[in-house]
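Between the sequences and the hints, there should be enough to build the whole structure, so can you do that?
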Amino acid sequence: MQAAVNGLRVNFYNAVSPRVTKLYSSEHHEEMMDLVFMSSKLAFFLIMFFSIPMLIETPYILHLWLGTVPEYSILFTRLVIIELTIDIFNNPLDNALGASGRVRQFQIWVSSLLLLIVPLSYLALKVAEYPEIPFVISMLVSILCFFPRLYFVRKFIALPVRQYLWKVVFVSYRVLIIASLPPLICYVMMEDDFYRLIVVCITSCISSALCIYWLGLNLIERNYVKKYVLKLPFIKSL
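Counting from 1 along the sequence shown, just add 135 to a position and that's the residue number in this note's numbering.
Derived from the structure by calculation, the hints contain no laboratory data.
Pairs of lysine-lysine residues, derived as DSS-like cross-links and limited to a Cα-Cα distance of at most 30 Å, are as follows: (1) K302 with K362; (2) K157 with K290; (3) K302 with K157; (4) K361 with K302; (5) K157 with K361; (6) K362 with K157; (7) K290 with K302.
Label pairs and their calculated CB-CB ranges: (8) I209 with L249: 25 to 31 Å; (9) S247 with K302: 28 to 34 Å; (10) S246 with I333: 39 to 45 Å; (11) S247 with N149: 25 to 31 Å; (12) K361 with G142: 23 to 29 Å; (13) E264 with L365: 54 to 60 Å.
Think of the CB as a built atom: it goes at the ideal place given N, C-alpha and C, for glycine as much as any other residue.
Right, dumping it as structure tokens:
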């Protein structure tokens, strides 16, 4: 599951990264900032689209996939997916810093923090033998790595950090919470079977699409999405 969801993220940013670099090198800084903001949200929404039903129906999906579900695998899977939704905002900031070429200090800070995961996990497991501890520590370090990224993008490319937190991070998680409610209601009210899985997936897709379009995107971003959708081959053929 992690590989599938992570693959979507990597492919998305591989497509966006050259455009960010081109805009920075041509000194179109305002357009680059808009692209960083928009790509951050769209990447989060793309991951969210698949993560909501996977998080809600993790037990049943693993049961269909594995038959006998190993102990802790449900918890591990959910923690990994949650970490992906946290880590998703790091990539666009990395792209922006990479475009500026000023990555040395940033890499030292982030790499140093990431190296803490193993020793902290070891010490924590010595104190409390809970197998989920390394996953939780990895999530906390991922959150911690977000702050030096914000500092350096503000320092080197003058990215408006407050606007990014409000217009991207806050808006994205607001959409996630609201979009999760309808499929959660279906999950609670229905019996545990394949029919519920289908209903949860369909409800999640509809709820996510509506919340993303009306709550997650501004007018410019909606027009961009419309233009992209209208260019799709199967839409043109209609």
